[in-house]
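Residue strings, one per chain:
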Amino acid sequence: MKSFTVSKLMLVVAFAAVALPGSVFADSSVAGSVSFTGEAPAAKPVKMNADPACKSAHSGPVMDNSVVVNSNNTLKNVFVYVKEGVTGEYPAPAEVVKLDQKGCWYEPHVFGIQVGQQLEISNSDATLHNVNAKAKANRPFNIAQPVQNMKSKKKFSKPEVMVSVKCNVHPWMQSYAGVVEHPFFAVTDATGAFSIEGLPAGDYVLEAWHEELGTQTQNITVAEGAAATADFSFSAQ
Amino acid sequence: MPSMKHRLTSRSLSWRTLSISLMSVAIFAFPASAAQPTPDLSVGKKAYDLHCARCHGITGAGDGVDARKFYPRPRDLSYGVYKFRSTVSGTPPTDEDIFHTITVGLPGSNMPDWKHLPEETRWQLVYYLKSLSDIFEEESEVVSITTPDPGHKGANLKVGREVYDKLGCASCHGEQGLANGTSAAGLVDDWGMAIRPANLSQGWNYRGGKEPSDIMMRFLAGIDGSGMPSYMGTVTEEEAWHISYYVAAMQEQTHWSRILTASQAKQLPGSLDEKEWKAIPQIAFRARNVVDNQGTWTQPPTINLIKLQTVYNDDAIAFRIQWDDPTEDKVGNQADRLALLLRTEGDTGDSVTLQAWPLAKSADLDAHYWVASKAKATEKIISDYNELNGSAGVPLVKSEAQYQDGRWTLMLVRKRHQASVQHAENIEAGDVMPVAFAVWDAGNPEARAVTSWIDVTIHPDVDQHAVHAH
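Chains A and B are the protein sequences, given in the same order. Following my numbering, the numbering of the first sequence begins with 435 at its first residue and continues without gaps. Following my numbering, the numbering of the second sequence begins with 565 at its first residue and continues without gaps.
In short, the hints are calculated from the structure, not lab data. Only a predicted model underlies this, so the values are computations on that prediction, with no experimental measurement involved. Glycine included, C-beta positions come from ideal geometry on N, C-alpha and C. Be careful, since some hints might not be right.
Where chain B lies over chain A, by a calculated footprint (3+ residues, C-beta under 8 Å) [as the list claims (entries may be wrong)]:
no.	region
1	495-503
2	539-551
3	628-636
DMTMM-like, lysine to aspartate or glutamate: derived pairs with alpha carbons at most 20 Å apart [claimed, not checked]:
no.	chain 1	residue 1	chain 2	residue 2
4	A	Lys570	B	Glu702
5	B	Lys609	B	Glu660
6	A	Lys592	B	Glu705
7	A	Lys587	B	Glu702
8	A	Lys536	A	Glu554
9	B	Lys979	B	Asp879
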């Protein structure tokens, strides 16, 4: 707990040191929601028969999460990030991004991480997982985590949206990492909402990425100190 | 880039007049870079186009004209993911790693060794391959192993097995290493092709080499692009050596042959696990999957080796057949199956090639057909495989099968003179009898594996006195 607080504090300090000049109180934000139209695909239960340790970790069936439509007809797990227009340097924050394997399931399913930021991959299961990151711009890696509570640290050296992370032992396990050079990214939540804070005023291209439904971009203009809105809409395929 | 200072070119030294053995002395006597020529991509490209493009494709994308005929598929070299490295997972291989793979090939795959190419050409190929992918802009990070190789005497196989269990190796490779783990069937490579884990009992089929030091490097560095992860940092180096020796000890002795002298006995063994079988010679031979009519692999083969023993007496002949199959399927028509094939009586022509049988005017075959879901194996004359599942044939004298930890053992006993099957082969003393096999793994239903013909010699009943009289 203590180390977490410290790293948060360091993040704030680091961020302030870099992003402050020129735009001290003028940071803006962009927020919005990703809606879904059409018929939501029927949720399919994942067959975890290959490993009894996985099946026994869940009381009921686990549903495939490749397309998650929220109750308000929005999409979860959409990676939204500023694709173009960011100027300036944004060094990686000290905060560690965590990817856990629990119940033979990745948590989170979709996440963002900055270039050079520490990624800690841990195995909460008492079974073998391998973490196979099929990066293309970055170094791919495939490491074993055979022992419960094992942790491995990795960094990505180049921007790449997205890096697919898979486990060969349990082929249903899938996670995606959006590697970006700056901190202006977010993942939609259970209400389909996203919010990107601290963006300097300017013109940007915002992209929304979904693993099954593809990508969409839109141009946005963010005024100084203002909160811009950007909504996306994906439809059933 | 290799050092320019050490280069030896064909001009400065008349390499070609030196013998091969001198060249290999040179490799060991000097650092590896001493033999490396100045990179010249045009030389490498020429050699690549000539030797490699046929499988790996013009651009290196693994899509050459022959690519689809192979399992495993040729590597996509433009992707820059190399299986056999001495470097940390995700980092590029060293020049020496690529040179080594070109030089020794990948056992058990269609990648041959290229020792016959001049060393300089092999280095130029290394440089050319590196130009095909951006990955080589990254730094290699060599796996450092500081704990010395304990050797066979220092290795602790018991600890090795404990590590094997602790690390979950069995989830792919199986409890006994026979590639029958629970995750074995669902594996795909980075290109989405179905792949299978290595059968650890088959040392001859380890692509990266079967020695403990080879296994150690695969264990630590992983096999990138496949499901085999890097186990670096999961156990101590001592433990890594122990598991490497343990895996090496899982390899079985294989007596490769296409000739088997049938043993002779007064009485045939009564069962497949009777101790008499221990004294009866066993040979091993390859089973190869039949590709589809487009010449394309659809699924990785699961059956690639058959082991055979045979013994006969005055009345009958017994065969004991073993093969590894990752799944025991013994229900209905989709059960595991095997056909032991003989030529029909009086057929003295060339044996047909089972890879292509039946052709329009193929000879019939005398099939002894075992299906895991049925109590008795039967014999019938067939002109096509699909006749095997038709009307039942004549039951054999005995058939007994056992499935254990990824391996079938089957014993078939047949009368030497099978009067109830018209045109059945009569097995006479003095015969050289060709025997072949077709095997189906119901867990891999598109695949039928066949063997070439094995000559089983039935020695005449030798009169010892007559021998001495000569």
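Do the hints match the structure? See the list:
Against chain B, the region 495-503 of chain A contributes 0 residues with a C-beta closer than 8 Å to a partner C-beta. That does not satisfy the three-residue criterion, and the hint is violated. Check on the region 539-551 of chain A: 0 of its residues sit with their Cβ under 8 Å from a Cβ of chain B, so the three-residue criterion for coverage is violated. As drawn, the region 628-636 of chain A meets chain B at 0 residues by the rule of a beta-carbon pair under 8 Å; below three, the given contact is violated. Taken as a hint, the Lys570 (chain A) and Glu702 (chain B) pair is honoured in the structure, with Cα atoms around 12 Å apart against an allowance of 20 Å.
Taking the CA atoms of Lys609 (chain B) and Glu660 (chain B), the gap is about 19 Å. The hint holds against a cut of 20 Å. Between Lys592 (chain A) and Glu705 (chain B) the CA atoms are separated by roughly 18 Å; this keeps the pair inside 20 Å, and the hint holds. This hinted pair checks out: Lys587 (chain A) and Glu702 (chain B) have alpha carbons roughly 19 Å apart, not beyond 20 Å. About 14 Å separates the Cα atoms of Lys536 (chain A) and Glu554 (chain A), which keeps this hinted pair within 20 Å; it holds.
Restraint check for Lys979 (chain B) and Asp879 (chain B): satisfied, since their Cα atoms lie roughly 6 Å apart, inside the 20 Å limit.
Hint compliance for this structure: hints 1, 2, 3 are not met, and every other hint is.
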